[in-house]
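Chains as they are written, first to last, in the working numbering: chain A, 492 to 1061; chain B, 29 to 331.
By construction, these hints were calculated from the structure, which means they are not laboratory data.
Remember, it's a predicted structure, so these values are computed and weren't measured experimentally.
Do not take every clue at face value.
[What the hints assert, rightly or not] One-sided excerpt, in silico: chain A residues whose CB lies under 10 Å from chain B: (1) Ile614; (2) Gly853; (3) Leu854; (4) Leu885; (5) Gln890; (6) Asp891; (7) Leu896; (8) Ala898; (9) Met900; (10) Arg901; (11) Asp904; (12) Pro909; (13) Ala960.
Where a beta carbon is used, it is the ideal one built from N, C-alpha and C, also for glycine.
Here's the letter readout for the chains.
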Amino acid sequence: MTDLLKISGLDVEFPTRRGTVRAARNVNLTVSPGEVVGLVGESGAGKSTIGNAIIDLLEAPGRVSAGSILFEGEELRGLDENQMRRVRGDRIGMIFQDPQTSLNPLMTVGAQLIETIEKTNNIKGAEAEKRAIELLEQVGITEPKARLLAYPHQFSGGMRQRVVIALALAGDPDLIIADEPTTALDVSIQAQILDLIKRLCRERALGVIIVTHDIGVIANIADRVVVMYRGEVVETGEVAQILGAPEHEYTKSLIAAVPRADRKLDRFSSVDYIEGGTKPFKRIDIHTHWLGQSRDVRGTGKAVEIENLNLSFVLQKALLKQNRKMLQAVDNVSFTVNEGETFGLVGESGSGKSTVARLIAGLYRPDSGMIRVIGQDVVSNPKSAAARKARRALQMIFQDPYSSLNARMRVLDIVAEPIRFYGLTENEAETRRIVGDLLDHVGLGASAALRYPHEFSGGQRQRISIARALASRPRILICDEPTSALDVSVQATILNLLKDLQQELGLTMLFISHDLPVVRQMCDRIAVMRHGAICEVSDTEDLFSEPKHEYSRHLLNLMPRMDLLGEARA
Amino acid sequence: MTRWERFKDNDIVWSFLSSPGAMIAAAITVISILACLFAPLIAPFDPFDPSQISLWDGKLPPAWSDGGQPQYLLGTDNQGRDMLSTILYGGRLSILVGLAAVCLGMVLGVTLGVISGYVGGVTDAVIMRIADVQLTIPGILLAILINGVGRAFLPLELRQEFAVYVVIIAIGLTDWPQFARVARGATMVEANKEYVQAARIIGLPAWLIMIRHVLPNTLRPVLVIATIGLALAIIAEATLSFLGQGIPPTTPSLGTLIRVGNEYLFSGLWWITFFPAIALVVLVFAVNLLGDWMRDALNPKLR
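Put together the whole structure using the sequences plus the hints.
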């Protein structure tokens, strides 16, 4: 079979004022018709850069400095803007990550499709409209004729991504480059979109390049895999070989770091190939240390109790109550978190799991219901001294490590803030010593104290967040998707850190995630949420072996197939 | 790395050093401010010293034209004061009034804006409606009103002395809504970020979160408005003085000089108006250029 696309010796450079960054080095890659090639790597590996280089959409000042890109036997490198425009859309289609931003919100879906069809196919009017309806039908949108007149905001995320795929197909291309096509979508929709891409690839004998960080996506869709690390291709091969018997050390580490869903392990396998994986951190003797002193008060054995919690948000304001549109974000939720356990809260986006966490943390006030933290009612009189004291025992770690730290404060001041505010130490010298200990303990090193957050990577920032949460000597830690913004290798080290801390300090953890394998590894008990209500609360092993609720079964079925992954990740 | 190298490495400093327009604007601004600040040392004459002023030397043209005298480089005004010295002293007053008025407007506006954005609800509605109402009245009319009321309350003998402060308050009270709007917008963005939520969970009181966390992160856009606001405040002072509502003619500011000169414009004494006007235009233009550059440099989306 002849190659549809053949990239050889490709170098991409980004000249900056701090020297030239080589985003891709000597990359070789081929795609045949009817084949899905997965381009996998972590952030900064240069995988998106390759996709953009093929269609000459590199962000300034990036440029291709060496190598060749042969597409159907024609050299794409060096084509001018006019020639390139005919290649883009017409012969190579592109699917972007975020369906929210890749459609024009001011144009109807039909207008955008027809515009693209007219430009690429040389047909006009009614014929173009007919073609648009066909395309929407092919990507699985029901009632395509009526949908042509709808605006993007009237579509759900998954449907929008289908429209984006229809747009990519409009010019009847031979190659499609999909850059993280499902990252912004829920698992249930992710599976559908991947199926669609795969089906179209087979039916139309398209070449497809899927750029992703997610091994699960690769396992589900790719025929061949190209693994990238820091701008270089480290391994290329059939999907079964790469996932089952990887040869390169980096691939092994990467695959080992993927949390497994089939059984529970004590710890995540640590990834030593990548950033700060096995950095030894200073152990402190918790029993004599300041941090350990918070353990003396023991409560009722129940850390958090929630009864019949309700909260609705106003979607559309109106003067009269009956005209307001409300969203029931939390619908009669009750559960209890026992002291010392890790309690998981899972659900898809919009299920209300983060809202529950924020209610417990006191960021929102419930419309009705009861929240008790260590036996203390914190709802009816939130300003009372007893409620404040109970709340102090509860801290939170957030999802986005980039917005959860104040960029204008030094790490020392960020971590020391609760210590200073509550006067937990005798003097400033002691505060500094404890901040140093905390930073050591989370694996950053005390020298981090005098730097600013922007000098740290995402995983390191998450460690700072954890140190800050520990500084007020909490007994309950709420983790709201603590690793979903991180690379899979960093995720493993952060989750291991959380596990260690929980054991040492006897913390109670409320762990919120959409990622079932991660939840299985972390949690003792799990509550499954959907549309603001709880479907079931079960012990972790029970949930995974025999889910009681229909929706839990549905979620479990949607987990990416990982049976290709061999025992490489023991 | 030395301190200077680290300073040069800063993105904003770098953007400044690679933008000739910004550097020229900054140079003009700094030179103008320094020249006015050190007017007593630089100016050849002291326009406030009656012994140096002689009516015989009044209305002399610039040194290079017919009848000009070399010691009066830019000529003299109707009272025989050296134009160059008067412009330097006058510019000093204009810049002082501009800076003080902007500071007043900024402190007031940012305080109200941050409270409005962070607290929300009724407080927000009340503060922003007041700002909206104020924005419907042309600024200069409002300044004239505040100025007039302010003066009426002062006893006659103090009016001259306190005229400058009344003008500062009049201009400052006029331009706070701009600051309030910008600060409120930035606050609403910051208040939703997770670091503010983290501070709330720690249990910090709202005022401390506003001062320590929100305020420092809203200052960038405020700084841009402040720079452009400085230019506007200088113009406002000049306008007030030109209309005879601001600073009395005995203590010259750029505005009073232009007004005085305006009366002689048709008698051919063009220089009394021309030079102060040029000084005003150059100063305002430079400050505006600086503000534009700052807006671009501080906005990561435009970089």
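Quick rundown of the hints versus the structure:
Contact between isoleucine 614 of chain A and chain B, as hinted, is not supported at the beta carbon level, the nearest pair being about 38 Å apart and thus beyond 10 Å. Satisfaction of the interface hint for glycine 853 of chain A is found here, the shortest Cβ-Cβ separation to chain B being roughly 7 Å, below the 10 Å cut-off. Proximity of leucine 854 of chain A to chain B holds as hinted, the smallest CB-CB distance being about 6 Å (cut-off 10 Å). Residue-level restraint check for leucine 885 of chain A holds (minimum Cβ-Cβ distance to chain B is 7 Å; threshold 10 Å).
This hint holds: glutamine 890 of chain A has a C-beta 7 Å from the nearest C-beta of chain B, less than the 10 Å allowed. Interface restraint check for aspartate 891 of chain A: the shortest CB-CB distance to chain B comes to about 6 Å, inside 10 Å, so the restraint holds. Given the 10 Å rule on beta carbons, the hint for leucine 896 of chain A holds: about 6 Å separates it from the nearest Cβ of chain B. For alanine 898 of chain A, the suggested interface contact is upheld, since its CB lies about 7 Å from the closest CB of chain B, less than 10 Å.
Hint on methionine 900 of chain A holds. Least Cβ distance to chain B is approximately 8 Å, under the 10 Å limit. About 12 Å separates the beta-carbon of arginine 901 of chain A from the nearest beta-carbon of chain B, more than 10 Å, and the hint is not met. Interface hint at aspartate 904 of chain A: satisfied, since its Cβ lies 9 Å from the closest Cβ of chain B, which is below the 10 Å cut-off. Proximity of proline 909 of chain A to chain B holds as hinted, the smallest CB-CB distance being about 5 Å (cut-off 10 Å).
Given hint, alanine 960 of chain A at the interface with chain B, holds; its Cβ is 8 Å from that chain's nearest Cβ, closer than 10 Å.
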